[in-house]
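**Q** Whenever a hint applies, use it, and build me the whole structure from the sequences.
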Amino acid sequence: MSRSRRRGVLALAPLLLLSCASPAPAAGTQSASSERAVVTGPVRLADLSCPSPTVCVAFGTDANGVPVFFRTADRAATWTPQFVAANTPSGFPKEGISCATSAQCLAFVTGELNGNASVLYTAFVETTDGGSKWTTRPVDNFGGSNVTDPTCATPLRCYAITDISSVIRSSDGGASWKRVPGSGWPPVACGGCSSAGIDALWCVRASTACFVAGHTATTAFEFGATSSGGIRLDRTALLAGVRGRGGYLVSCSSADSCVAANLFGARVLATSDGGARWVLRSLPTAVDIVHALSCPSANVCVALVSERTRHGLLLAATTRNDGLSWTVAAVSPAPDPLWTASLSCPSTNTCYVDGPAATPDGSVYVRNGLTARWVRTAVP
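In the numbering used here, the protein residues as written are 820 to 1199.
Hints are computed from structural coordinates only; laboratory data are not their basis.
Keep in mind that a hint or two might mislead.
Claimed, not checked - Label-pair distances were calculated between CB atoms; the ranges are: (1) A1191 <-> R1051: 40 to 46 Å; (2) T1190 <-> A1105: 18 to 24 Å; (3) K997 <-> T1104: 19 to 25 Å; (4) P1103 <-> R1054: 27 to 33 Å; (5) R1127 <-> A1191: 16 to 22 Å; (6) E931 <-> G1188: 21 to 27 Å; (7) G884 <-> P1179: 37 to 43 Å; (8) T873 <-> S990: 24 to 30 Å; (9) A1105 <-> S990: 18 to 24 Å; (10) S1091 <-> A1025: 18 to 24 Å.
In this text the structure is predicted, and so the values were computed from the model without any measurement.
In this text, a Cβ means the ideal position worked out from N, Cα and C, and glycines have one as well.
**A** Structure representation (structure tokens):
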């Protein structure tokens, strides 16, 4: 989460799929597991979230579609597989994971239930003990469809986007959810009528500050922030003169400092007062796709990008001067520039990358220190 979570250039594709989801099983179904099992390779990784420079959790499936989490507590020197309960949906995860602390993580999973391909089942999966036990809860309200980008500010207080237009909030770690007042932004309409709504969500860890970035039907940039201790969402900016194609990503290092990047292009917006005023920055001009964004401090940001002049590579663009200049380094081979990737930078000097674009399968790339070099590690 990652984490930029969210979520790369193909973010709308899983949402369209989820809108046809069958109703989830009856509310209250829960299960937990502390089992470990043999992983059937190759592993496909979908997302990761890193609450500290040493601890990171990667999320994906094995070759049989069984959901699996991999955890490192030693800067990716070793990865330990953690398996979830039997009633967790199987198949490649469609959404993401967010870890508020080294002990607590919340993931959103969509897939088949018990091998029944005709039923699309959605669930939140959570651990509160570092992965020894994972609890699976079916999505029993908001339809389970169109839920995306779970983000936990604290172990109990989590947020997610629903219907591409509203934010929902949980105060019990994902067991129940309520719509956040003020978050009813215009949704994406069917049939290509309009293209508007909330693109991305970001919560600052250990705070009540959460932010959303979106765009109107005329592709103007919109920005919102939580208020009243995190229980409301207020639209704080509407920049009609800033137009983007395909929506925005957002990452915030504090309640004041946020950066938003356009998915298809080099445009970057930055604020240092919580969204009241914005300055325009730019990634290197060769950038044509932004996959993920993570800003661990007010001055330092990392964007996973593809460039039109460097085909076949997933690249990381890094700024250490508030976007005034960027350095670009190769992360991994990326055969398809439209594949997504996940990025989490828990500190200014440590970043982790995984996802379909981070090839080969089962790869997590790590950068430690001020070096531009990304080192590949492989989950078991």
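**Q** For each hint, tell me whether it holds in the structure or not.
**A** Consistency of the hints with the structure:
no. : hint                        : in the structure
1   : A1191 <-> R1051: 40 to 46 Å : 41 Å, holds
2   : T1190 <-> A1105: 18 to 24 Å : 22 Å, holds
3   : K997 <-> T1104: 19 to 25 Å  : 44 Å, violated
4   : P1103 <-> R1054: 27 to 33 Å : 31 Å, holds
5   : R1127 <-> A1191: 16 to 22 Å : 21 Å, holds
6   : E931 <-> G1188: 21 to 27 Å  : 42 Å, violated
7   : G884 <-> P1179: 37 to 43 Å  : 19 Å, violated
8   : T873 <-> S990: 24 to 30 Å   : 29 Å, holds
9   : A1105 <-> S990: 18 to 24 Å  : 44 Å, violated
10  : S1091 <-> A1025: 18 to 24 Å : 20 Å, holds
When the structure is compared with the earlier hints, violations turn up for hints 3, 6, 7 and 9 and for no others.
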